[in-house]
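Chemist: Chain by chain, the residues:
Number of protein chains: 2
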Amino acid sequence: MKVTALIMAGGKGERFWPRSRVNLPKQFLSLTDDGKTMIQLTVERISPIVDIEDVYIATNKNYKELVMQQLPGIPEQNILCEPIGRNTAPCIGLGAVHVASKYDDAVMIVLPSDHLIKNNEIFVDTFKEACEVAIKGENLVTVGITPNYPETGYGYVKYDESKKDGNAREVEKFVEKPDLETAKSYLADGSYLWNSGMFTWKISTILDCFKKYMPSTYEGLLKIKESIGTESEDAVLEAEFPNLESQSVDYGIMEKAENIFILPGNFGWDDVGSWLAVGRIKKNDENNNVINGNVVAVNTKDCVIEGSDKLIATVGLRDIIVVDTQDAILISTKENAGEIKQVLANLREGGKENYL
Amino acid sequence: MKVTALIMAGGKGERFWPRSRVNLPKQFLSLTDDGKTMIQLTVERISPIVDIEDVYIATNKNYKELVMQQLPGIPEQNILCEPIGRNTAPCIGLGAVHVASKYDDAVMIVLPSDHLIKNNEIFVDTFKEACEVAIKGENLVTVGITPNYPETGYGYVKYDESKKDGNAREVEKFVEKPDLETAKSYLADGSYLWNSGMFTWKISTILDCFKKYMPSTYEGLLKIKESIGTESEDAVLEAEFPNLESQSVDYGIMEKAENIFILPGNFGWDDVGSWLAVGRIKKNDENNNVINGNVVAVNTKDCVIEGSDKLIATVGLRDIIVVDTQDAILISTKENAGEIKQVLANLREGGKENYL
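Top line first, the protein sequences correspond to chains A and B. According to this note's numbering, the first sequence is numbered sequentially starting from 942. According to this note's numbering, the second sequence is numbered sequentially starting from 942.
Chain A with its partners taken away, still in its complex shape (with noise of 0.2 Å):
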């Protein structure tokens, strides 16, 4: 069966703001010392298992261009672009009628576009056991990782050890992101792995979970699956899509559905939630710092500095990110870089949108 991928690539990514704008989040952004950027990575690590016209990149309007440019080998017609922001689960159905409209069916793969993985061999190995498991019955595949600490941020997948086939698990249940404390019970029992946000399965299993989970979002699909490849394509999309339910596909399906499994994705995930993760992914120096650009660094430790041709000099710092743009320059301490976003907030009511 044909294997097809859907990349997810409609988010934000404000949390690495300077380098992040509104115009170029962070999917389009290089955060490896390769070069690539995020989106190119995703479609580049699935090659070996999915053509790249059967690479469909899920987007809105403003960042088609973005797409284009970073992935001339995908088709214009594979770049789907949302009317508006529904979550996953209309973005989902709106890449799995696509494919329906091409193949009698498919399986699909549903990728997010910002995440990096550090052994392209192991992923790929586990995507084509998860799409062998998905074509054998009416499956639900999502890969999940196994956690080697209490995070919070996640949601978890609960699996049951006893229901094994091959790698693949079957799921108890979804669980929301947890307190620390319970987080803390899910590592210690061994049986938990961190919701990835990534799925296999064949376009007639999912569709046929809308149909049953989610009724009125599947017949708002269906009528967008009749347009595809006519004059009214447009139209219909900008029509039906904006109505489709606002709801993630582990809310409207994967925690109502059955014949989910799960499989261990030990290929060293990393969501690259913020620029504390560039610490981690790129050359540190002698003294533990990720330094890019003009930069004198004088007693400085432990720092993540991402310059410009702007010389930036550096005196006794520890733990702090420095991100310097042409027209902005963030300095965060590593601690509160989630507080990136009341930077942005305050530029939004300062009527600085410009620097968004």
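Rather than coming from a laboratory, the hints here were simulated on the basis of the structure. Some clues are possibly wrong.
As the list claims (entries may be wrong) - BS3-like mimics (lysine-lysine), calculated; alpha carbons at most 30 Å apart, straight line:
hint, chain 1, residue 1, chain 2, residue 2
1, A, K1251, B, K1104
2, B, K943, B, K1104
3, A, K1242, B, K1251
4, B, K943, A, K1251
5, B, K1251, A, K953
6, A, K1293, B, K1293
7, A, K1251, B, K1242
8, B, K1166, B, K943
9, A, K1223, B, K1293
10, A, K1242, B, K1282
Said to hold, decoys possible - Footprint (simulated), chain A over chain B, 3 or more residues, beta carbon under 8 Å:
hint, region
11, 996-1008
12, 1286-1294
Values in this document were obtained by computation on a predicted structure and should not be read as measured data. Ideal Cβ placement from N, Cα and C applies to all residues, glycine included.
Please arrange chain B on chain A, whose structure you already have, making use of the hints.
Modeler: Using the frame of chain A, we list chain B on its own:
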């Protein structure tokens, strides 16, 4: 008797990098909220007792243009350009022979160009009294600052409380920068003042001191004096000045001379020794930050942020100094601000002299 002033403006002021540069040292910068430069404030402060045509600026060729721009009222012949820096004794000697070539005798007030004074009225009153003490005998008068903490970065002057004349006390001795224990004992003793480098004396008195304590320097100064106003003035200065002994007036004269008096200067003195001083001088906000420029500060306290056009966003910072200029930005802890000189050394070594 005529009162003149010699303002010493040849310093490099490296500790205010990146605002201060080789071609724009601290005395030519505005570090206060009023927008006036340090040297402009110095000349303005002394104006109630010294006519502008009797103000002399000792500097070097590179800064002559800056002096003329910032102080258009000063006669060009009063801008004395040292061919090379030879410390304060030759500098003061050069000023003295220039005044001597204009007036038979006069009082000369010697002032650094880069200190700040809170109360200008008390400052003027102090120097009025200094002039009186200088005129009434062959006295060398210095103004000392009442210490309010055991600073180890300044020299001290010990006076003899029993030998008073108005507010002036006879100086017992000049002492070098002390260690902390010694500084504490000076503070406890109560008869030590900080050596501020501000002096008042008659031209005849100081030239007699040069003759007595620095005779070879005196010979050179006489040759320079004879050339003033002649065609060979520049050539003689170029030939003689570099041969003068490089020596501070404190060591060369004050520590050896008699008839030295000191006046306590209680006018709110700050030598603005580093960016730390800006936190003391400028207006603080409710989080004890001094912020200028295009800045969004989130959860930021006790910082000095001197911005320019570029947006500076800070998150979670404490006790950090940020100074942005067109081509360079400094980010330093307050604690390590003294290590800025290491930045400059690294720039020199790294062939980045254009940033100096």
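Chemist: Of all the hints numbered above, which does this structure not satisfy? Sort the numbers upward.
Modeler: 1, 4, 6, 11
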